[in-house]
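A.B. asks: Guided by the hints, dock chain G onto chain P, whose structure is given.
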Amino acid sequence: MGENEGFINYELQEFKLFEPLFKWARKKSLWIVAFCTGCGGIEIPPLATARYDFERFGIMPNPAPRMADLFLITGYVTPKTLKRIIVTYEMMQDPKYVLAHGSCPINGGVYWDSYNVVKQLDKYIPVDVAIAGCMPRPEAVMDGIMEIMRKIESGEANGWKRYRENYEYYRKNQDKLFGEGWREKEAKRWLAWI
Amino acid sequence: MDMNEKKVTEKVENAEQVEETKLPDTREGKLVKALIEKAPYVEGNVRRERRVEFNVPAERIHDFLELASETFEMLMQISIVDWLKEGQFEIVYQLWSVSESVHAFVRTRIPREDAKLPTVMDIWPVAETYEREAHEFFGIVFEGNPRLGPFILEPREYEKHPLRKDFNLIPYVKAIYGDDFDRYDESKTYYVI
Chain P
312 MGENEGFINY
322 ELQEFKLFEP
332 LFKWARKKSL
342 WIVAFCTGCG
352 GIEIPPLATA
362 RYDFERFGIM
372 PNPAPRMADL
382 FLITGYVTPK
392 TLKRIIVTYE
402 MMQDPKYVLA
412 HGSCPINGGV
422 YWDSYNVVKQ
432 LDKYIPVDVA
442 IAGCMPRPEA
452 VMDGIMEIMR
462 KIESGEANGW
472 KRYRENYEYY
482 RKNQDKLFGE
492 GWREKEAKRW
502 LAWI
Chain G
355 MDMNEKKVTE
365 KVENAEQVEE
375 TKLPDTREGK
385 LVKALIEKAP
395 YVEGNVRRER
405 RVEFNVPAER
415 IHDFLELASE
425 TFEMLMQISI
435 VDWLKEGQFE
445 IVYQLWSVSE
455 SVHAFVRTRI
465 PREDAKLPTV
475 MDIWPVAETY
485 EREAHEFFGI
495 VFEGNPRLGP
505 FILEPREYEK
515 HPLRKDFNLI
525 PYVKAIYGDD
535 FDRYDESKTY
545 YVI
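From first to last, the protein sequence lines are chains P and G. The first sequence begins at 312 in my numbering and counts up by one. The second sequence begins at 355 in my numbering and counts up by one.
Just chain P, with the same shape it has in the complex:
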């Protein structure tokens, strides 16, 4: 505590010296949660296979949210998917980064007046990098991943800190969309320990 009293400590102070090393290591070992929302999930196989091969940057699709660092929101987000996204996002360990992929998470895209598509994703979870386009080409996704790597190294990718600091704001928006107590009512069905 002491001089930092009043705001949350995210890093262990004893390891402050090694912070640049940690940042470099985080940048070079982004594991993606294998959670494909919407139509952009089909853009991930070209990224993973020989042509764009993101494994050379240390990126790997990973089925477990507990081990993942990067959350790709690939395409439109419906309220039902958003519930799962929020639960998955909260299950991920810090530090965690969100890459919104395509026009739909930004402002709804072609579904801007649809009754069933969430218009602004960053009202519900923090987004670090957003790629516009419908669909973004794999080059654009690689560019977004490069951007998120740059932001991790410079410390700008702080969505996970923002989520902790402004948790009331995000929680308020989530409860407004799903109704109070949706975690207890519905998330409990698929995650018994919540």
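It should be emphasised that the hints constitute simulated quantities derived from the structure, not laboratory data. No incorrect hints appear here.
No more than 20 angstroms apart at the CA atoms, straight line, and that leaves these computed lysine to aspartate or glutamate pairs for DMTMM-like: (1) G:K514 <-> P:D424; (2) P:K496 <-> G:E511; (3) P:K487 <-> G:E513; (4) G:K528 <-> P:D433; (5) G:K528 <-> P:D486; (6) P:K391 <-> G:E487; (7) P:K391 <-> G:E511; (8) P:K462 <-> P:E450; (9) P:K487 <-> G:E511; (10) G:K514 <-> G:E487; (11) P:K394 <-> G:E508; (12) G:K470 <-> G:D520; (13) P:K391 <-> G:E508; (14) P:K394 <-> G:E511; (15) G:K514 <-> G:D468; (16) G:K528 <-> P:D424; (17) G:K387 <-> G:E454; (18) P:K391 <-> G:E513; (19) P:K391 <-> G:E490; (20) P:K499 <-> G:E508; (21) G:K384 <-> G:E424; (22) P:K487 <-> G:E508; (23) G:K519 <-> P:D424; (24) G:K384 <-> G:E454; (25) P:K496 <-> G:E508.
C.D. replies: Positioned in the frame of chain P, the structure of chain G alone reads:
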């Protein structure tokens, strides 16, 4: 000019001939003819190769589908068209004949208010899911289907039947997702994206 006119008249004549011979002497034509002989209350025609159509009055739809299921073994889909001006729902049963390789559209129309139809679950059990979907999105009641009710959508959307043409999207979207979506403009009635 003369040549062109001749061609046009020839074409018109040919078209008339095609209209006169409604049921062609093909596999599809024979199929439709056989069905119409059994069920004289339907209108049937051949759209093209492997594609036939039937128009059935709503009160005879179950009888006709039961009859048709002898040749058309598979129910592929139940799709709904909402004709708002006429005040009607058009229900299209899409059938596939495995033995004949023919795709049939069985159309029927019912009024939009208090829309009711008998279920076809006793003919094709798979109709349960299709009828639940049609019930959820359009509010059509399929009498005899035991599992009608909230299906895919959130409960608040189930009450409104969101695929009906008179479902007003923009006030609903503004109420649910917030006022600040950027492309909305009061003065416009039509949007091009």
